[in-house]
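Chains as they are written, first to last, in our numbering: chain A, 1 to 247; chain B, 248 to 494; chain C, 495 to 741; chain D, 742 to 988; chain E, 989 to 1235; chain F, 1236 to 1482; chain G, 1483 to 1729; chain H, 1730 to 1976.
Treat the hints with caution; some may be incorrect.
To be verified - Residues on chain A that point at chain F, a partial pick, calculated with CB under 7 angstroms:
{"hint": "1", "residue": "36"}
{"hint": "2", "residue": "37"}
{"hint": "3", "residue": "56"}
{"hint": "4", "residue": "162"}
{"hint": "5", "residue": "164"}
{"hint": "6", "residue": "229"}
None of these hints come from the bench; they were simulated from the model.
Virtual Cβ for every residue (Gly too), placed ideally from N, Cα, C.
8 protein chains.
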Amino acid sequence: METLESILADFKARKITEKAAAKKIAELGTIDLGHTKIDASRRARTGAGEVIYGAGKTAAQVLEIAKAIASRGGAVFATRLKKDALALLEKNFEGGRANEIARTFALGGEKKRGCKKFVAIVSAGTSDMPVCEEARETLEFFGERAECFYDCGVAGLHRLLEKIGRISEASVVIAVAGMEGALASVVAGLVKAPVIAVPTSVGYGASFGGIAALLAMMNSCANGVSVVNIDNGFGAAYCAHAICRAK
Amino acid sequence: METLESILADFKARKITEKAAAKKIAELGTIDLGHTKIDASRRARTGAGEVIYGAGKTAAQVLEIAKAIASRGGAVFATRLKKDALALLEKNFEGGRANEIARTFALGGEKKRGCKKFVAIVSAGTSDMPVCEEARETLEFFGERAECFYDCGVAGLHRLLEKIGRISEASVVIAVAGMEGALASVVAGLVKAPVIAVPTSVGYGASFGGIAALLAMMNSCANGVSVVNIDNGFGAAYCAHAICRAK
Amino acid sequence: METLESILADFKARKITEKAAAKKIAELGTIDLGHTKIDASRRARTGAGEVIYGAGKTAAQVLEIAKAIASRGGAVFATRLKKDALALLEKNFEGGRANEIARTFALGGEKKRGCKKFVAIVSAGTSDMPVCEEARETLEFFGERAECFYDCGVAGLHRLLEKIGRISEASVVIAVAGMEGALASVVAGLVKAPVIAVPTSVGYGASFGGIAALLAMMNSCANGVSVVNIDNGFGAAYCAHAICRAK
Amino acid sequence: METLESILADFKARKITEKAAAKKIAELGTIDLGHTKIDASRRARTGAGEVIYGAGKTAAQVLEIAKAIASRGGAVFATRLKKDALALLEKNFEGGRANEIARTFALGGEKKRGCKKFVAIVSAGTSDMPVCEEARETLEFFGERAECFYDCGVAGLHRLLEKIGRISEASVVIAVAGMEGALASVVAGLVKAPVIAVPTSVGYGASFGGIAALLAMMNSCANGVSVVNIDNGFGAAYCAHAICRAK
Amino acid sequence: METLESILADFKARKITEKAAAKKIAELGTIDLGHTKIDASRRARTGAGEVIYGAGKTAAQVLEIAKAIASRGGAVFATRLKKDALALLEKNFEGGRANEIARTFALGGEKKRGCKKFVAIVSAGTSDMPVCEEARETLEFFGERAECFYDCGVAGLHRLLEKIGRISEASVVIAVAGMEGALASVVAGLVKAPVIAVPTSVGYGASFGGIAALLAMMNSCANGVSVVNIDNGFGAAYCAHAICRAK
Amino acid sequence: METLESILADFKARKITEKAAAKKIAELGTIDLGHTKIDASRRARTGAGEVIYGAGKTAAQVLEIAKAIASRGGAVFATRLKKDALALLEKNFEGGRANEIARTFALGGEKKRGCKKFVAIVSAGTSDMPVCEEARETLEFFGERAECFYDCGVAGLHRLLEKIGRISEASVVIAVAGMEGALASVVAGLVKAPVIAVPTSVGYGASFGGIAALLAMMNSCANGVSVVNIDNGFGAAYCAHAICRAK
Amino acid sequence: METLESILADFKARKITEKAAAKKIAELGTIDLGHTKIDASRRARTGAGEVIYGAGKTAAQVLEIAKAIASRGGAVFATRLKKDALALLEKNFEGGRANEIARTFALGGEKKRGCKKFVAIVSAGTSDMPVCEEARETLEFFGERAECFYDCGVAGLHRLLEKIGRISEASVVIAVAGMEGALASVVAGLVKAPVIAVPTSVGYGASFGGIAALLAMMNSCANGVSVVNIDNGFGAAYCAHAICRAK
Amino acid sequence: METLESILADFKARKITEKAAAKKIAELGTIDLGHTKIDASRRARTGAGEVIYGAGKTAAQVLEIAKAIASRGGAVFATRLKKDALALLEKNFEGGRANEIARTFALGGEKKRGCKKFVAIVSAGTSDMPVCEEARETLEFFGERAECFYDCGVAGLHRLLEKIGRISEASVVIAVAGMEGALASVVAGLVKAPVIAVPTSVGYGASFGGIAALLAMMNSCANGVSVVNIDNGFGAAYCAHAICRAK
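Excised from the complex, chain A in its bound form (with noise of 0.2 angstroms):
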């Protein structure tokens, strides 16, 4: 396959144009489908593939990139799948990996990992666990070993305490908590490693949505800690993973 590098070398071997370089440098990274141009070169260029982002996608679209990642040999993984995508992905694909509650699709992925340890995923109730989930398969696709701690709120705080031995060997900790989100603050006031917080959307009333926990987390008096998207697993577990394979 062509790269940057051998372009820019037969260019100045003059074996092909400046026109020709520029246009072959231009093409070099994408895969057109019209309504979609994959990112080819973004595992080269930031160490990832391109995830497909299930939302305010037709299964048929969502399929239709699955197939021309693959097709190029690339691992797939999809997020924010409708129930007709996952369903569609699945009779697509023989041993691919459907999580109907992460509502992930995954094929393929990293061989080797990152982190010698884990990365521990500490939620604060049952009702974060889709969060928590798309998360874990991220990490997994990612070729990240993760480990769950599920319901540990700080409302009975001896939950959380009871774990906190596991929770501190971990390389990174993501923190998933709707409500007020003090979960976030109270494990990074107890763990060394750095710590990323999911606001959730889970609550009522005055959390808006989960940016009564967004705020929370982005106030911690706890050092360490940082933050992404409302609901975002995908993200957090993106972000722990990158941590990981900074090494």
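Use these hints to put chains B, C, D, E, F, G and H onto chain A, whose structure you have.
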């Protein structure tokens, strides 16, 4: 002194006319200073005398109101005092108690306690102290015993846990915190007493002058938390007093 | 049943090892159902057993949790139940009390009252009734006596004034109102008891699903008002119970 | 003085050309001071002359505008005056009325009243006085009679009730309140007159400089309330005058 | 029928005891339907009978309230009716007027007009029509004459200018607009009558369901504008009626 | 057809009375359909005929307006059409162009182009396509040439850079993006043409239906960016057309 | 001076190595002052040189940047200058133009005009003048002719209408308004040119420092309006210049 | 020094009583200064000693805390120092490093680096420098190597692209930007390292003191971005350090 009951009795006994009765009732509850109508019947009605809210009043106005109350034998309590008002009150009333951090002035007050035990004031950080002090002064004016537990923010959970034994003996707990306000949830998960949460304007950026803490406290995952306005140490203490008195 | 104290005593007596003690303590407080960790020690810790929050849980999950609690001899109380969950609980537990307006289910509950008197639930309008009913059911589950005063909005002040005599005899007042939420201020100016204000999502346009009422209640010009989340009848009742219990 | 009618008549009578007519019409309504175009035809058009809004103008600019109006025989009314502007106007115009609390200056004004009765200005607290005074001065400039009822906040309901008899005789009621703004709802439930509500920036924390009161007033459960901008005493008074004039 | 005056007279004449008088007074103003307390004295107090707000009430509840009012000889007016409630009222009350666009039902109403002239309802666009119709029906129920001027948005200023002659003859103007709500300012600059502005939820994106229009109207650069809640055609009409009646 | 000029000339020539002239002028610009006043003079006044905004109108209303315009020889363009309205227009007008993604219908349109070159529509992602298509259809209706550059989000910068050569030849650039809306800033830093930014509602959580993108675009660090409402492809295209026409 | 083209040509001709070419390209576009990197290639790239944004820079920094630009023969334009920076620039550069109201400084600038005609700057009130002046100075620096139409707010519509003839001859219209921002909609309904709306922070209370105007302008019912940031006179003028240049 | 382990061992060995053990544990982690409880065990617990947050503390308090830490052999790091506090620390501690732009003071610090490589701090503009400097000082205190890349805003993309080669070698990237915050998305699309985004309060108008940038960063279309609070350079650096340490 005339009371509503005595006026109605006089009216029934035909000692006074209907019109006179109406006029007496109207005048009963108010001392009119022109700029301010002192609610002289508030103590009879709600169990606590009127408190002078110093914000937006000149030192002279505050003094005039204080004198009007004191001259009728009432106890004086003023909050949110600017420096000059505080000084003026100190100069005019011997034996009063001025608190510069709390910005309060007290002269006299309740004798008998509502609570057998005490009200715990727990705060997250050093900067929350003015709000705590306002609460403490208010409680003392209303005859309640207060104990303060400063700087117990959840980033160093052991600071709270080492005090929680004593805190859980309180009749009421006032939890004071800025930033993400997680203290209220953690405390409420550990005690049986009602928790009154006071968000403070301590913080910066996306804390929005206390809104992040206020929202967190409104959305507490722990039961038994109710919330007063940002920096409203007086309000929280008044509620605690009302609870103590409620028995 | 083992308690924290009995475990520590055993440890001191060298009946169990340090490691075994740690494990016992960790397991003590929690019944683990996979998706949910029931906080079994909450009653010991905070004085009230765990309540099932039905929102975001399937009927089957709710039933499973209810059975786990009931099988250990605990009283069951569930809120925010969808119709199918309510029906399933009714079918599985004889002698339980289902309330379709409140969307609650109760089985068993506290026997002895905290308050000698009663908790007054005062509401502004007919549409606030589901929130009031949730509060009333919660109070009864926790053993408190509740009296309801519906449709006392300040637009027709006499409707409130004709009831205020009885309301002012309550130990605690819960004021429930949407729209501009003025009820809380007016009530708090007329009674000695602590007032817990519940903003409701009743209203339209610039009421923002209860925010206008919430802000009004946070800024009450009357003393003794604290606020819980929008539509949080359960939370207000829990606070009232904690106050009654506080004596 | 030329009027629109006289110009059109001249044009029809062919005394002036089409172009000249257009120019005359354009110049008719405006006195151009460079920085400001005085809307000289406003009184003819909307029934009230232009008022000088002092905020964001220098004392010199305010004086220049005032002179331009006065020199054409108009009555002068200026609001939101800074101290220097107020002093400058006082010095330059004999017989004018300066009000330091209201921050207004008036010279001349309407002679005949719109309302047979009076406009009631009811306020919640002492700190609302500047807004009330601005309203009162405005009403007097426009020839209306105003009566003020200060410090009638709903926390001490009897303070309002003892005045409500007189208030209910007014043609229009202006209700001025900060904090939770409940006064407007309570008043509107007790009188037949239209109620114009003015939220004030009095308060702190979650009152957001008057927004809490504004929202409460917009969502009033009582009928007959309309709202003007925060602290807009002038605007409320102008509306009241328009109502009086409407007969 | 008993009135407050007759009861007090009986009491003074010792025909009834103090306790009986208190009870009578309390019952005087209210018809209690369990879920709803009809404010039967509202007409005496504020000049207009209670209106049934249909939102959040079942068709059966609405009918019950309507019958309770009608059976006491009152006129019935209901707003925000769902289709089934509208149909039920039509079926039960002969001679009533149902308006499907306005979602109102009227039976009887005021006979004599408040205004000699009329109330102008001016709207910006076709989509504002339901709000206008609600206003028009309300005005007619209260005996006022209404004239509608639809689709006069400022994007085509001549559409407004060609009607402004007639509009400026109105006693009161109701300006109804969504989007940027500029109509209120332009109209208020052209007429002498008081202008009541109704922001509507017409618009999309950054119009926030009517907030953009509401803010624009609150900040009108023209004098004489007061504002009611978003889509509150009833409220605006009620205010207009109160103004007409104020003479 | 009569025009403003012809009417004025007739009046000057005394062919028509003053009153008749006024009436003619008033009727000139408007076709009144009862629910809608078509702004028939808009093309003369602003250079573009009135466009039918389909949201909030029934299919029948849309058709009626379209027929009224078409019968007077005007070109028809409708946006935000629901499916039934789109179908009805297609059925009634032969030769029209319906676009289901854009939800537009066009019949006729401008012949001569404003821009010599073209308008570039650059979008961040696949989900922004409906907004882009609305813009493209609008441009074509107004006679402008449009070129689309889809899926050029800044997460894969090369996708934009490989197209930037062509984009920078455009007369105007429309940048369409949801989420963080960074595309507008990056494009504006690379081209000389004016950039009209369209925030879209694509995103979730703290994107608030397009507000995050809107704010980002308002605060662009690059010069030459102006912004239209969220999802307002039509508005951006209209602005681009006005720019092209401005020469 | 070296250009991107000359460097690439040298590289192709093997005059310089690949590494040297990369370095040269990197240095090409930037003058590095340590604290600031002047974007020296911006004029080549976007058609306009870099402008010094004075806010948040010391007078000394501003001077240093200005000198760096001037010494390379560039024209200097600085905005948002504090008084000391303005004075320092005046003292150091002869022949420059300082504008204290606009808070800008210009030295040199474009010679040839983009627009044949002119850019109209229309403002609502006197207080909007600094924003207008910033726009005017910017236009002149970029070689465009500007005409100002001050104080044309819609409360006195004739002030706008008497100028609209001239305004409608402009190539581009900049509409500047605070408060409710209605001016933009009214102007856009009357002219063919593109309208760039600038909300200003003029106003108080619920105007929120310009947000009310910004929202109104985003939601304009008139076509052809795009919006720049609050008080961003420079940005609007830059957009207008880009439009003029676009031909 | 006593540790938790040594105390528990003593207890098990019956050297100390249960009560004495509890007391020792409680005192272990805290140095109590009255106003402040220094979290002396934080380094053991979270890997980094307590940092003095200077905002809201007097110079004297800051000095007292610094002395308490230093006297126990700890390294001192203080942020958000006012001028007087900075001067006082400089005067009292020889060999410390004061940074006036960053407003930090450091004495001692970590010796061994967490990251083999370095942390890149990339900023959009000159005005973001104080935030960058706070981050850089923090990193150095914690032993990490930092490299700064200032003034790389996306309006001049080449400024970023010419540095991206070096930036992409970093272990972690901190992206600092105000206004629209697009820098974070563009950088994250070009590097493999995790990106910590810091919104700054640089901007005006609708940037809302950093909210626009914060929202943009939360909604980044690029993967691997997590966000800290506005202007929180310290927090971002701490997270970067935690990541480096995580290996």
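Here is what the structure says about each hint:
Against a cut-off of 7 angstroms between C-beta atoms, the interface hint on residue 36 of chain A holds, since the closest Cβ of chain F lies about 5 angstroms away. Because the beta carbon of residue 37 of chain A sits about 4 angstroms from the nearest beta carbon in chain F, less than 7 angstroms, this interface hint is met. Among the interface hints, the one on residue 56 of chain A holds; its C-beta lies about 4 angstroms from the nearest C-beta in chain F, closer than the 7 angstroms criterion. Of the supplied interface hints, the one on residue 162 of chain A is violated, with its beta-carbon coming no nearer than about 31 angstroms to a beta-carbon of chain F, more than 7 angstroms.
Given hint, residue 164 of chain A at the interface with chain F, is violated; its Cβ is 28 angstroms from that chain's nearest Cβ, farther than 7 angstroms. Taking 7 angstroms as the C-beta contact cut-off toward chain F, the hint placing residue 229 of chain A at the interface holds, the least distance being around 4 angstroms.
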